[in-house]
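Colleague: Listed below are the residues making up each chain.
There are 2 protein chains.
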Amino acid sequence: MPGALSSAALDQLFRTARTYNEWTDQPVDEHTVHEIYELLKWGPTSANSCPARFVWVRSAEGKARLAGLAMEANRPKILAAPLTVIIGHDLDFPDTMPRLFPARGEMMRQYFRQPGNAEVTAMRNGTLQGAYLMIAARALGLDCGPMSGFDNAGVDRAFFAGTRIVSNFICCLGYGKPGTPWPRNPRLSFEEAGRFA
Amino acid sequence: MPGALSSAALDQLFRTARTYNEWTDQPVDEHTVHEIYELLKWGPTSANSCPARFVWVRSAEGKARLAGLAMEANRPKILAAPLTVIIGHDLDFPDTMPRLFPARGEMMRQYFRQPGNAEVTAMRNGTLQGAYLMIAARALGLDCGPMSGFDNAGVDRAFFAGTRIVSNFICCLGYGKPGTPWPRNPRLSFEEAGRFA
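Residue numbers (this note's numbering), protein chains in the order written: chain W, 1 to 197; chain X, 198 to 394.
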């Protein structure tokens, strides 16, 4: 059985990883984006529902469009980043269940089609997949700049028109400029965030 | 700048990691639970809001109580696992903002206190933290068995009474019994799950 990853790996994933807003000139190429997806796709979701959908915004036009729908403080971050991914989730994901969960696909399709079930399942599991995306990017040596300050309805119209995909959060991707993040904020202690039972 | 983690590390985190329902006899000790938290706490959340709260259910009584509130198919999984963590999020998290985000804590507290803001922020960011928990556990050599099939309101009454913490999902933790998971289900291709823009 595997043991713990190396201390350097734990640093890279969690302990010294930071949210970046400034980036080196190193681009994020198409191959790297595929590598991120080929890792994140394996992360667990409820009944393998995989409801997240991704728009990898890398063109000047796409960045300008997305930046125009973001809170003012987030606009320069989007324009400066090599790439910003929109993490959304598809409310029509139940239709993929027969393919993604062959053992009980039709049963799960009907379950997720019941009122309210698609929404909460897509939000929960699409968000999990967004976290897998960020950790996968870090595991590949990239840095992340996640944000939720933008006009979700506007982004849905601009990037998901004609679908039932809704935006969740967005995340800049690139190679963070060393030394640029603010000093790290405190975290809750183990006891403040939980307890044994 | 760091490069990609080793292929073995990427396997352990994503590519060969699986959801387990059966476990070896190896216990999950208190020190390991603290180690999981000390990694996951560094994962990014909106304005460092850290809304997730955790109940690490390890006692026989706690397991029986939680299992009694789970879907029938999930009961034996909870009873068999060394430990099952309830991942919830605190709708009162805005009150922690002055401490967690000193630079603009009072402003963020007021923003998150506006109707509807706490709920969506807690759900999104608490879920991200749940994913960080699973990846942190895998990074430490453990396996996960996440589930959302349980009575959320009942779990809230049983484990979060007198608070505004609500349950999100639960996750068994331990060392997976080799060879026990079902064959792996398919995933969406890169193109099915997204596009460049």
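Keep in mind that the hints are not guaranteed to be accurate.
[Unchecked claim] One side only, chain X facing chain W, incomplete, derived with CB under 10 Å:
1. E219
2. V230
3. E258
4. R262
5. L276
6. P279
7. L288
8. R310
9. F366
10. F387
[Claimed, not checked] Covered stretches of chain X (chain W as the covering partner; in silico rule of three or more C-beta atoms under 8 Å from a C-beta of chain W):
11. 237-248
12. 269-275
13. 357-363
Keep in mind that the hints were calculated from the coordinates and are not lab data. All figures in this text were calculated on a predicted structure; none of them were measured in a lab. Beta carbons are placed, not taken as given, at the ideal position from N, Cα and C, and that holds for glycine.
Colleague: Checking against the hints above, which ones are violated?
Modeller: Of the numbered hints given earlier, those the structure breaks are 1, 5, 6, 7, 8, 12 and 13, listed in rising order.
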